[in-house]
Amino acid sequence: MGPNRTYLLIAPAMLVIGIFMVLPLFLAVAYSFMTANPYGGVTAPATFDAYLQFLYQRDFDDSLVFSPSYALIILRSIYLAIATTLICLVLGLPVAWYIVCQTPERRRVLLFAVTLPFWINTLIRTYCWILILRDEGLANGALRHAGIISDPLPLLYNDGSILLGLVYTFLPFMVLPIYSTLERIDPRLIEAAHDLYASRAAVFRRIVWPLARPGALAGATLVFAPALGSFLAPDLLGGGKKLLIGSLIQMQFTSSRNWPFGAALSTVVTVVVLTVFVIRSRRAQEERR
Amino acid sequence: MADVELKKVSKSFQNLKVVHDIDLDIAEGEFVVLVGPSGCGKSTTLRMVAGLDRPSGGEIHIGGRLVNNVQARDRDIAMVFQSYALYPQMTVAQNMAFGLRIRKVPDGEVTQRIARVADILDLSELLQRKPHQLSGGQRQRVAMGRAMVRQPKVFLFDEPLSNLDAKLRVKMRAEIKKLHQMVATTTVYVTHDQVEAMTLADRVVVMNKGRIEQIGPPNDLYHEPASRFVAGFIGSPGMNFFKCRLEARGDRLAVVLDDGTALAVPAARTARYVSHVGRELEFGLRPEHITERRERRDVVDIKAPVEVVEPMGMETLLHVLIAGAEATARIDPASTPRLGEVATLSLGMAHMHLLDPDSGKVL
Numbered sequence: 001m002g003p004n005r006t007y008l009l010i011a012p013a014m015l016v017i018g019i020f021m022v023l024p025l026f027l028a029v030a031y032s033f034m035t036a037n038p039y040g041g042v043t044a045p046a047t048f049d050a051y052l053q054f055l056y057q058r059d060f061d062d063s064l065v066f067s068p069s070y071a072l073i074i075l076r077s078i079y080l081a082i083a084t085t086l087i088c089l090v091l092g093l094p095v096a097w098y099i100v101c102q103t104p105e106r107r108r109v110l111l112f113a114v115t116l117p118f119w120i121n122t123l124i125r126t127y128c129w130i131l132i133l134r135d136e137g138l139a140n141g142a143l144r145h146a147g148i149i150s151d152p153l154p155l156l157y158n159d160g161s162i163l164l165g166l167v168y169t170f171l172p173f174m175v176l177p178i179y180s181t182l183e184r185i186d187p188r189l190i191e192a193a194h195d196l197y198a199s200r201a202a203v204f205r206r207i208v209w210p211l212a213r214p215g216a217l218a219g220a221t222l223v224f225a226p227a228l229g230s231f232l233a234p235d236l237l238g239g240g241k242k243l244l245i246g247s248l249i250q251m252q253f254t255s256s257r258n259w260p261f262g263a264a265l266s267t268v269v270t271v272v273v274l275t276v277f278v279i280r281s282r283r284a285q286e287e288r289r
Numbered sequence: 001m002a003d004v005e006l007k008k009v010s011k012s013f014q015n016l017k018v019v020h021d022i023d024l025d026i027a028e029g030e031f032v033v034l035v036g037p038s039g040c041g042k043s044t045t046l047r048m049v050a051g052l053d054r055p056s057g058g059e060i061h062i063g064g065r066l067v068n069n070v071q072a073r074d075r076d077i078a079m080v081f082q083s084y085a086l087y088p089q090m091t092v093a094q095n096m097a098f099g100l101r102i103r104k105v106p107d108g109e110v111t112q113r114i115a116r117v118a119d120i121l122d123l124s125e126l127l128q129r130k131p132h133q134l135s136g137g138q139r140q141r142v143a144m145g146r147a148m149v150r151q152p153k154v155f156l157f158d159e160p161l162s163n164l165d166a167k168l169r170v171k172m173r174a175e176i177k178k179l180h181q182m183v184a185t186t187t188v189y190v191t192h193d194q195v196e197a198m199t200l201a202d203r204v205v206v207m208n209k210g211r212i213e214q215i216g217p218p219n220d221l222y223h224e225p226a227s228r229f230v231a232g233f234i235g236s237p238g239m240n241f242f243k244c245r246l247e248a249r250g251d252r253l254a255v256v257l258d259d260g261t262a263l264a265v266p267a268a269r270t271a272r273y274v275s276h277v278g279r280e281l282e283f284g285l286r287p288e289h290i291t292e293r294r295e296r297r298d299v300v301d302i303k304a305p306v307e308v309v310e311p312m313g314m315e316t317l318l319h320v321l322i323a324g325a326e327a328t329a330r331i332d333p334a335s336t337p338r339l340g341e342v343a344t345l346s347l348g349m350a351h352m353h354l355l356d357p358d359s360g361k362v363l
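Keeping their order, the protein sequence lines are chains A and B.
Position 264 (the first sequence) corresponds to 264 in the UniProt record's numbering; numbering is contiguous.
Position 45 (the second sequence) corresponds to 45 in the UniProt record's numbering; numbering is contiguous.
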């Protein structure tokens, strides 16, 4: 088979990647450099306005005024995504370790339990948290019933509830990759460490954690990226009071009808996530050496 | 250095008893090999000494101290694992230093000990490599080095050579023996390979189905096996067995095979066997005692059709039929008969064994 025919054979795959992956990204970047059409969509001419909007507001007299509100939203989003990632890591590592230590049958059951939320619509799951957290909800009801509180605690519509929603949604993405690296650890490595005078804490710090780190890094990327762009949990559990980048993007394409700004925001999120990813894979490569 | 003592040690997993009340005394500095087929309980026994498995019953003493409730890390034993269990994220030097660092041995001494052991094991050039950059034999030596730098009371080896190719295995076997001759630390070594057991051990412990079949120096096990299991397990090719009847012929005894061939038992054995006259027994003879025709005392000649000829160079293995049973003979290559011939072979009856087929014991 000649080289030409080989290209022909991979053409379908290239087409799929092109249409579903490269083209939308390209469109998003292209739209971000266009002018907003008041009825949605974009028009000519090409401009940097969408990016200027991050830091400046166009005043009535068309002059640019510095305004940090969008930048703050982006920073807050990054901060919440990092917090989500760290909490998921702290919770996910012991969970994954616990599952690995079980018999094969119990492992299968527990892994199924971890993936169980995937089978239920995210919207419904997030609404359930509202039912639990609201003033007359399950959590406050139980606390009141137990006589611990008399007035309901403000559990909903703050950063805490957003964080809870994000951690809840993305925890499986941390557990599963860590589990898959821990599962491959030869149990003899741990036995050998005990033989080599190591305590349980030393085994974890010196053996388990270094070997689990690639999985934890993969999990961190899988949690950080969608957490950064997420809008369901912030909207519903945050009450839309404080905007996060995901909600902001969504608004640009719906109520605000500012597609270029939405596209610019998406591009920024993509760049942030890609940067994190590149740094991560660089470090992983260095470690392998 | 320390002695190791096992008193009625047993181990059960759920309802399955895998080690049955083992008694074993290992002297200070002794090299003891536990050998047996897979599933015989030898690895479990070793792991109990190491502290990786808890005995279900009995007592384990190391250096006179009862260690049943002592954790692996406090036993001061060093185990070498079959899979080597090297840490992939650490260099050779870091792997070897691991135990010492946890023990907070001063840096200077760590470096010194590693350098000395690396020199003995020929690892000096490899200290900065990671395990994945090493060959199987090199990894094996690192695993041994990691145990040696600790200067433990007891070395435990769990099939350390079984992942190496045949040639390297022979070489490392000699290395291990040499090392033990240099620093005679008490060693318990587990293998399924009876050649390894024979070549390395001061004493061999043959295990079968969770029990000790026999304990003894290699040559004793070879020449005076206590049971059919040991007789068949030790030695390669294995001992030949034939069904027989023990009969009295005048004042001598004779082993009568299935086809009526009568083989005279040496007079020296008469007293030992006379109480078994008339019984259906098993007659055992090692391949090297079935040879080309030799003029010697206590030798009986028989005719045996040749089925397979295996030249080995220094000797030839013949697969023959004796009284309808398959048997292996080791003969001088110079007198090799042809395939299909009926060879005349000499049986060295001075080395015969008689076995009780019911109890499996050698009489």
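A hint or two may mislead.
[Said to hold, decoys possible] From the structure, some residues in chain A lie toward chain B, with a derived Cβ separation under 10 Å: (1) Arg188; (2) Leu189; (3) Ala192; (4) Ser199.
To be clear, the hints were calculated from the coordinates, so they are not data collected in a lab.
Just so it is clear, CB atoms sit at the ideal spot from N, CA and C, and this is done for glycine as well.
Of the numbered hints stated previously, which ones are contradicted by the structure, given in increasing order?
Structure breaks no hint.
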